[in-house]
Amino acid sequence: MSETAVIASATPAVIALDRIVQEYPRPEGGVNRVVDDLSLRFTGPSINMLLGPSGCGKSTLLYMMGGVRPQNTNMPTSGTITIDGVPCNDAHDDAVMVFQRYANRPDLNVYDNVAFPFRLALWRDRIPSAERHGMVMHMLEAVGLADKAKLLPSQLSGGQNQRIALARSLMLRPRILLMDEPFGALDAQTREEMQKLLVRLYEEHPCLIVFVTHDVTEALLLGDRVVVLSTQPARIADDFAIATPKPRDSGWLRMPEAAALEQRILSRLHQAAGKGNVRVTV
Amino acid sequence: MSQGWNPYATLSGGLRRQLGIIGVAVVLLVWFALSASGWISANKLPSPFAVMKALAYLTWSEGKSLLLDATLWSVGRVAAAGVLVVLIGVPLGILMGASPKLNALLSPLIDPFRSAPVVALLPILVMWLGIGETMKVTFLFIGAVVYLVPMVRDAIQAVPQSYWTGARDLGASPWECIRHAVVPIAMPRIADAIIVSVSVMWTYITVAEYVNAKVGLGQLIQNARRFSAMDQVFAGIIVIMALALLTYQSMRWAKRRLYPWETQT
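Residue numbers (this note's numbering), protein chains in the order written: chain X, 1 to 282; chain B, 1001 to 1265.
Don't read these hints as lab results, they were simulated from the structure.
Incorrect hints may appear among the rest.
Unchecked claim - Computed beta-carbon distance windows for the label pairs:
#1 B:1109 / X:196: 39 to 49 Å
#2 X:33 / B:1160: 23 to 33 Å
#3 X:200 / B:1020: 54 to 64 Å
#4 X:158 / B:1034: 31 to 41 Å
#5 X:18 / B:1102: 35 to 45 Å
#6 B:1063 / X:155: 31 to 41 Å
#7 X:84 / B:1109: 40 to 50 Å
#8 X:252 / B:1257: 29 to 39 Å
#9 X:126 / B:1120: 21 to 31 Å
#10 B:1199 / X:155: 24 to 34 Å
Cβ atoms here follow ideal geometry from the backbone N, Cα and C, with glycine treated the same way.
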């Protein structure tokens, strides 16, 4: 836990989770505690990986950090979340999410899907109309979809659809980008391309990224910091920084440094007696 | 016949048309045989030829077309009621789908009518609205709107929540979410609901024109029945069916043109 303290004390926290407890009622009665007394601080800009087994409550944590919270659920059960020191109880204007299931409008072409935020009053007020076209085109270039601007999402692959979602989110230059297993549904090769793309986009526009994954390799390739969560309930099993410059490739993954980190993550998860599964792909 | 019992097999357009024609031809043949055999008297079952002759008579006789007049009036009534149904039913269904509270408030008032005999309302409408056009259009409107509103509501509720959540996360107000992330996704299903509702109106047209219609396809059938002109009754029914089919097919075509992305998702 000492590394956390070092990272957190350097600059004031952008996102601070303080003693978060999350419980859901069980259908058969009683409560299911998914997050137990968890405190975390994030400072930007940096890529922070929340790594844990499936169903460990890491997405729940992500939604609390300025994302959209599910209805009919008191979230969190106890504890506080602050963004820039201000308590955050719902979707935050500075935080933008990228979901595993990209919600691209099937009736709009690629260009209009990326430009979707400009249909909303919030972004129309923030961004003058003269700048909008340039922003969309710049993002389409950046994610490699400029030549597909007129196509419908159904004419593109899953990876290309996720590129649309990524372009839409990053176009807004958010201070906080919350990513909920965004590449989880993609095949291995596409996932690797998307990871490289994310690193490139991040370097162009550094922001505070909190990235939820159950893929150890992904955490090692992308993370400036990796927070390992145990499952049922989620507690912090490990929290460390990776200083190796990016992009990191599969060659680096085979180096002793990376192999040691992987071993460390796996042993921490075993110690925490995680019941779910993490994916190890090297 | 290995392809006979396979719900996922596709038929070529030619084979599909052939089979359709065979079906119609068989019915015509049975009809022809029954009326020719003399088992059923001509004033109960007119022969196909008699019906065709009646159709020709109605289309043009004594310098005027009874059929054209009747058709135009019936189409006018369905169209007037159809515009009203869409203008009122679609927004109402969207609001009910978008607001569980509004739905809880209104669905007990609307849902029972889907299975209630709307026809039984006709005497009440006559008492309230008289026997003129207002009553007829209102009757068609009620008959269709009780189908349309619940279907539009269901179309809204069937939109995956991820669209709503995604827009909400980008800072959309609830109303912006509904307008930009829910309704556009529901539009093909809403269009289906409109198509079904307008088709329902064609089944009610004869009832609507039962009372004091000076002219209309329902009146034409009613009038012919009174004079035991079964050939004209059959002709009238065939015309209504043809119009209903034409309406249905053209609306389906329009829907496919408007929402070409629907089948691709």
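### Query
At the C-beta level, are residue 1199 of chain B and residue 155 of chain X separated by a distance inside 24 to 34 Å?
holds (32 Å)
### Range hint compliance [Cβ, residue 33 of chain X to residue 1160 of chain B, 23 to 33 Å]
holds (29 Å)
### Query
Has the hinted range 40 to 50 Å been met by the Cβ atoms of residue 84 of chain X and residue 1109 of chain B?
holds (49 Å)
#### Entry: residue 1257 of chain B and residue 252 of chain X - C-beta distance against the hinted 29 to 39 Å
violated (53 Å)
### Task
Take a look at whether the Cβ-Cβ distance between residue 200 of chain X and residue 1020 of chain B falls inside 54 to 64 Å.
Since the Cβ atoms of residue 200 of chain X and residue 1020 of chain B sit about 57 Å apart, the hinted range of 54 to 64 Å holds.
### Query
Lying within 31 to 41 Å: is that true of the beta-carbon distance residue 1063 of chain B to residue 155 of chain X?
violated (58 Å)
### Cβ separation of residue 1109 of chain B and residue 196 of chain X, checked against the hinted range 39 to 49 Å
Given range 39 to 49 Å: violated, Cβ gap about 57 Å.
### Query
Taking the CB of residue 126 of chain X and the CB of residue 1120 of chain B, does the distance hold inside 21 to 31 Å?
violated (57 Å)
### Task
May I ask you to test the hint 35 to 45 Å on the CB atoms belonging to residue 18 of chain X and residue 1102 of chain B?
holds (39 Å)
### Message
Given the hint of 31 to 41 Å, is the C-beta distance from residue 158 of chain X to residue 1034 of chain B inside that range or not?
### Response
Between residue 158 of chain X and residue 1034 of chain B, where Cβ atoms are some 59 Å apart, the hint is violated.
In summary, the structure is inconsistent with hints 1, 4, 6, 8, 9 from the numbered list given earlier, while agreeing with the others.
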